[in-house]
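Q: Heads up: the protein sequence lines correspond to chains A and B, in order.
If you want the numbering used here, it's the position in the first sequence, counting the first as 1, plus 3.
If you want the numbering used here, it's the position in the second sequence, counting the first as 1, plus 22.
What the hints contain is simulated information worked out from the structure, not anything from laboratory work.
Predicted model, so just to flag it, every value in this text is computed and none were measured.
Treat the hints with care, as some may be off.
Subject to a maximum C-alpha distance of 35 Å in a straight line, what follows is the list of computed DSBU-like cross-link-like pairs (lysine-lysine) [what the hints assert, rightly or not]:
| id | chain 1 | residue 1 | chain 2 | residue 2 |
| --- | --- | --- | --- | --- |
| 1 | A | K112 | A | K205 |
| 2 | A | K195 | A | K205 |
| 3 | B | K133 | A | K195 |
| 4 | A | K188 | B | K283 |
In case you want the letters, here they are:
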Amino acid sequence: MSIPLPILDAPVPSVSLAHLDDLWFQVSGTVCNLTCHHCFISCSPHNHTFGFLDVETVRRALEESVPLGVKEYYFTGGEPFLNREMVPILEWTLRYGPASILTNGTVFKDEWLERLRRAEDASLYSLEFRVSIDGFTAEDNDAVRGSGTFDRAMRGVRQLLAHGFLPIITVARTRDDADDVALVKGFARVLKAQGYDRPRLKILPTLRLGAEVDRQRGYRDEERVSPEMLEDFDQGLLICNHSRVVTDRGVYVCPILIEAADARLGATLAESLTPYPLRHHACFTCYQYGTICSNASSGRRDA
Amino acid sequence: MPEMERIAVFGGIYNNYLALDAAIQDARQRGVDALYCLGDLGAFGPHPDRVFPLLREHAVQCIQGNYDISIGNDLSDCQCGYTDPRDNYFARLSYQYTYQHTNSANRDWMKDLPGQRRRQLGRYRVLMCHGSPRRMNEFLWESTTSTHFLEHLADAHQADVILGTHTGIKWHRQLSGDRHFVNVGVLGRPENDGRTNVWYAIVEARPEFRVEFIPLAYDHPALAAEMRSERLPDEFVETVLTGWWTTCLEVLPARERRRGKW
Ligand code: SF4
Ligand code: SF4
Ligand SMILES: [Fe+2]
Numbered sequence: 004m005s006i007p008l009p010i011l012d013a014p015v016p017s018v019s020l021a022h023l024d025d026l027w028f029q030v031s032g033t034v035c036n037l038t039c040h041h042c043f044i045s046c047s048p049h050n051h052t053f054g055f056l057d058v059e060t061v062r063r064a065l066e067e068s069v070p071l072g073v074k075e076y077y078f079t080g081g082e083p084f085l086n087r088e089m090v091p092i093l094e095w096t097l098r099y100g101p102a103s104i105l106t107n108g109t110v111f112k113d114e115w116l117e118r119l120r121r122a123e124d125a126s127l128y129s130l131e132f133r134v135s136i137d138g139f140t141a142e143d144n145d146a147v148r149g150s151g152t153f154d155r156a157m158r159g160v161r162q163l164l165a166h167g168f169l170p171i172i173t174v175a176r177t178r179d180d181a182d183d184v185a186l187v188k189g190f191a192r193v194l195k196a197q198g199y200d201r202p203r204l205k206i207l208p209t210l211r212l213g214a215e216v217d218r219q220r221g222y223r224d225e226e227r228v229s230p231e232m233l234e235d236f237d238q239g240l241l242i243c244n245h246s247r248v249v250t251d252r253g254v255y256v257c258p259i260l261i262e263a264a265d266a267r268l269g270a271t272l273a274e275s276l277t278p279y280p281l282r283h284h285a286c287f288t289c290y291q292y293g294t295i296c297s298n299a300s301s302g303r304r305d306a
Numbered sequence: 023m024p025e026m027e028r029i030a031v032f033g034g035i036y037n038n039y040l041a042l043d044a045a046i047q048d049a050r051q052r053g054v055d056a057l058y059c060l061g062d063l064g065a066f067g068p069h070p071d072r073v074f075p076l077l078r079e080h081a082v083q084c085i086q087g088n089y090d091i092s093i094g095n096d097l098s099d100c101q102c103g104y105t106d107p108r109d110n111y112f113a114r115l116s117y118q119y120t121y122q123h124t125n126s127a128n129r130d131w132m133k134d135l136p137g138q139r140r141r142q143l144g145r146y147r148v149l150m151c152h153g154s155p156r157r158m159n160e161f162l163w164e165s166t167t168s169t170h171f172l173e174h175l176a177d178a179h180q181a182d183v184i185l186g187t188h189t190g191i192k193w194h195r196q197l198s199g200d201r202h203f204v205n206v207g208v209l210g211r212p213e214n215d216g217r218t219n220v221w222y223a224i225v226e227a228r229p230e231f232r233v234e235f236i237p238l239a240y241d242h243p244a245l246a247a248e249m250r251s252e253r254l255p256d257e258f259v260e261t262v263l264t265g266w267w268t269t270c271l272e273v274l275p276a277r278e279r280r281r282g283k284w
């Protein structure tokens, strides 16, 4: 169990929902088979703060999303594939629109991937897998994600390739001195060795929340978003400008702040469309880096 | 303006004046009431200034793409928003080349183009845009755009037919109430399918809506030779000669990426 996030009491800007483009599902709650040291919601096998979503809940939200004109669906956790209904959930979703799933790649079963291959083939839409790997050596990755996770994630990548998926490897910049060009080159080499000759990579900043606070540090007091900072800023770069996340405890403003009580906006999508004041230090990371959660194909510019 | 019922719509030209010339002849032969281009006149290919006389001489009605806004307003990049360092490297090269070889009269002309156009085609209200009606550089890919999102765009922008380009790959989706979204493809480069032809669209309402995607052959070996003599990157030349994209692949969604070679 974690302590709810504190809120800032300084004046803060509000962000309105321009349009609900991306609907997120916290599909495995805060439950994960791993306990990464940088996990911003401190997921673990025992963190049941948020629980699994069932197919029915997802279907209701999908139906509700149609008149709202949602463009894409995203699934996260925890580890989504710990949810026993993950495959049917994705099969359903692909009837409505494109689906992206954020996974650690360590728990795939081949029969699930076979079903998902058929589901994607029967759909108009893309099914994107985003696999988190945080270093291109076992040493670097396992220091953050736990012993043996590099090899297991690489096996996951090979399973995805064998089923015709082209995973996007997402890399958290876990070291302040990390050089992005070297990261890209290192990953390209390692993935090629797995048979992935056209690797897709996305490098992300870490969020100084949850376990990451102990691994590195939390936010400094001055790391916050003030009203002036948003004056000439493209708000489309903030997730809260075009997304909401469905959890088993209601709809929240974004997947980053589900541990903040004030980030719960309502029980249904309809109730969650209100503006949100950026009362959290984590908002500063969004401000600095922009679009940290969407796929490159959405055409939102990363800062 | 007389009532229109059949138009030719070109997507990004990317300096490919040879394809533009071929497309204009081809569309004229097929019989159309008007010619349109949805922007991105520059990028990628050789000799940007050769595009403009053709557009003016044949009264091709253009709107602005991200490239035209950038070049016309002396911006520092093309606003494609690549994050991959390799994609960015090539995007910068082609932007600098195009910027340096577009004369100031043509830059001014681009700067004054409208961002969108509305036309009546038979009984259909047509909205022409570059990326999407709400954002000029938004990518609307077939595999990452839900049908209900397109319904929302058609409602919000009061259009029966939305025409766009920007991604480089053509597609069409029928919406409720006989409304349509069409990405018309591009003339600038082939569409990552191993064929050297490029594409444009003929859109008609006679009186029913119909879109026909036209595969267009043009003198691509000549274009490749000119690109070489202008010292444009070999990777670009390879795309012209093979029909496979070699750069700017980062933005492709899974399904579209899988169809390509790289
Ligand atoms: S970072 Fe991802 S894989 Fe690691 S503990 Fe958190 S949810 Fe699990
Ligand atoms: S954390 Fe980011 S997405 Fe969430 S409310 Fe703050 S700025 Fe918006
Ligand atoms: Fe464009």
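Q: Checking each numbered hint in turn, tell me which of them this model violates, lowest number first.
A: 3
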